[in-house]
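J.: Protein chains in written order, with my numbering: chain A, 2 to 275; chain B, 1047 to 1387.
Honestly, the hints are just simulated from the structure, not real lab data. Wrong hints could be hidden among the right ones.
[Stated by the list, open to error] Keeping only pairs whose Cα atoms sit at most 16 Å apart, straight-line, the calculated EDC-like set for lysine to aspartate or glutamate is:
hint, chain 1, residue 1, chain 2, residue 2
1, A, Lys50, B, Glu1275
2, A, Lys50, B, Glu1233
3, A, Lys275, B, Asp1333
4, B, Lys1330, B, Asp1258
5, A, Lys108, A, Asp165
6, B, Lys1059, B, Glu1303
7, A, Lys32, B, Glu1298
8, B, Lys1330, A, Glu271
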Amino acid sequence: MSANPFAVNSAQITDVIQESPSIKTLRLDPKDKFEFSTGQFAELTVPDKGEAPFTPSSSMYNTDYIDITIMKTGFVTNHIHQLEPGNRVGLRGPFGNEYPLEDWKNKDILIMGGGVGMAPTRSLLLSLLDRKEDFNRIIYLVGARTPKDMIYKDEVEDWRKYKDVEIIRGVDEVPEGQEWNEEVGLITTLIEKIDINPENNPAVVCGPPVMMKFSTLELIDYGYSEENIYLSMEKKMYCGHGQCRHCMIGNYYTCKDGPVFTYHQIKDEENIWK
Amino acid sequence: MLIPKEHFFQFLKSSVSKEGSGFSEVILPYKNDDDLFFINYSGQREPALNYYRTIDPLRIYFYFPREKVYPIETDNYKRLIVGATACDLRALNLLDKALVKGDFTDPVYNDWRKSTYIISADCEEIADTCHCTLLNGKPYPDNNYDINLSSYEDNFVLQIGSKKGEELLEMLEKTGKTKEESEAVKERIEKNRSSVVEDLREQNKDFNYNEDYTQIRNVDPDKWWEDQEECIGCGACTNICPTCYCMILNDESNQQEFIKVRSQDSCQLHGYSKVAAGDSPRPKMRDRFRNRYLCKFEYMKEDFDELGCVGCGRCIDSCAGEIDIREVMHKMLNQVKQKKA
C-alpha cells in the first residue's frame, strides 16, 4: 500500500441525534467516497481538538451517509458532543478487519450489544438486514444501565418487523420516574431467555470490558465454541494501521488483526478485558 | 577499491558546496571525549570514522522525534550520512520491514530513506556497552549500506553495496583516485575485523545468550520484578533505541486544513496504552518493563523475522537506574534453561 495512511477525508455533519444523555449519533457526508465493511473502524478528527477511533453504526451497504455513535467519555468525545450540523470533521480509514458475513450465510446469528457497544452491533444488524435473505435467524440482545441509557429507541420496532429477527432488550435497573416494560436484569441473564442452537453458529459481543467478559463466559456455558464467539475489541488505536503499537494485545494489533477477534484467538493473552 | 583518506575528505568538502554533488546535508560522527555524535559536516574538524556507534541512534535521521506526516511537503532534499555502524544498519533493516515493506508505508520515513545515501564504516573500537555479537551481529556491516569504509593506514577500502553506492563512487572518482586493493590489504582488514569481534566476545563473556527468546514470556513474573525495581519509567531506553518506532499521532488540524504530526512515544510511560474509559492493560511499571523485552525479543522477531535488539548498548548507557539489558536477558534466559531442565 503506498497511499498515505495519515491522509484525512473531510466530512460534513448533516445531522446530530441525541440517543441518550451521554450518547449522540453524528450523521456524516464524506467529501470523498468512504466505503467500509461492518466491523471496521475509522479515525475521526475534530479540528483543533484531536482524533479518536470509532466504529460506524450505519449499514455498510448504505451509501447515502455514515453514522457514528459516540459516548461522551473524554477530551475528544466531549468536543464531539458540542458539534452541530454543518460542522466539518475528518475521517481516516477504514481500518481493521470485518465481521465475516460471507461465512455466516444461512446461519442463526446471535448479537449482544451493551451500552454504547450497541453502535458497532447496529452497523452489523443493519448490514445483515440489508441482505436478510442470505441469513437465517438473527437474535439481538441489548443491554443498558437504565431505560434512559438505551439508544436507538425509535428504531427497534422497525427492526422487529423483519421475519426471523428477535430483539430482547434489558436494563440493569429502572430508576424512579423512568418507564420500562421490557426485561430487567444484566445482559448476561438475557441469554437464558433465548432458544438458539449454538453449534456452528456465530455469536457477536460488543460492549464494556466487564460485559464482554461475562457474556463470553455465559456463551461458552450455553454451548458456543470459542472459535464462534466474535469480540469487538477496543484499545487505544492512534494510527489505525499497525504502526504506533499502542493497541497491542500480546502480539496482536487490535487495529490491524482486529478489532474483531474470536475469543479463541486472544483468550491466552494477558489483560484482554482491560 | 582503495582511496586515500585525504581524497575522500576532499570529496566530502566538495559535496557540501553548492557546485559539488548536490547534497543538501552531509552528516558524520564526531568525538567528544568518549562519546560520538552525528553532526552536520562543516569541513572544519576531523570526523571520527571507524570508531563505534554514536550516542544518537541513526533511526532519528529517518524517523524524527516529531514530524508532520500529513499533508506532506516534498522537496528535492538529498542527504549523505557517513560513518553509520553495522548495528544501526541492522536496525534500519527492521524499520524498513515495519514502515515500508509491510502492509502500510510511512510516507515520510520512506522519503528519507529514498533521499539519503549511507556510507557506513567498520567499527575498529568498541564502547563498554557494545554487545552486537551476543545477538549474532558483527561490528562491520554485511549489507544495507551504499558504500562501506574499512580503514587501512592512510586509505579507506570501499565496498559498494547498492546502486546508490555506484553513484557515490562515480562522484568520488571525480575528486579522488581509486585503485583495486591488494590481497594483502583484504587480509589485513579481515584480521582487524576478527580482532574487534574477539574484543566484543571478551567484553561480553559473562553474558550467556541462547536463542530461546520466545520462552522468556513464560518466566515467572516475579523474576522480572527483581530487575525492574531500579527502573524509574523515564523511557530513555526506548527513546534511544535504534529499532523503537512507537509513536503518537497528534492532530494539529485547524479550521482551514487537516494536519497530522507523528511524535515519538514510549511503551515505558504510564498512560501509553490507556483507553477511553481509563483502563490500561499495563498499569504498573513492572508490566511495562517486561513488555519492552517481549516486544524486542518476541513480537518483533515474529512480525519481521528480525530481533528488536541489535546489541548497541545505548539503553544501558542511558539508564538512570543502571539497568543492563544484557544482565536482564542473561537472567531470564537462565530461568528458561532451568525450567526446561
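J.: Compare the structure with each hint and give your call.
T.: Now for the hints, and whether the structure bears them out:
For the given pair, A:Lys50 sits about 38 Å from B:Glu1275 by alpha-carbon distance, which is inconsistent with the 16 Å threshold. With a CA separation close to 62 Å, the supplied pair A:Lys50 and B:Glu1233 exceeds the 16 Å bound. Of the pairs offered as hints, the one joining A:Lys275 and B:Asp1333 holds, with about 13 Å between alpha carbons and a cut-off of 16 Å not exceeded. At roughly 26 Å between alpha-carbon atoms, B:Lys1330 and B:Asp1258 are farther apart than 16 Å, so this suggested pair is violated.
At most 16 Å may separate the alpha-carbon atoms for a hinted pair to count; A:Lys108 and A:Asp165 meet this at roughly 12 Å. Distance restraint check for B:Lys1059 and B:Glu1303: the Cα-Cα separation of roughly 41 Å exceeds the 16 Å cut-off, and the hinted pair is therefore not satisfied. Taking the CA atoms of A:Lys32 and B:Glu1298, the gap is about 20 Å. The hint is violated against a cut of 16 Å. In summary, the hint linking B:Lys1330 to A:Glu271 is supported, as the alpha carbons are separated by about 13 Å, within the 16 Å threshold.
Checked against the numbered hints given earlier, the structure breaks hints 1, 2, 4, 6 and 7 and satisfies all the rest.
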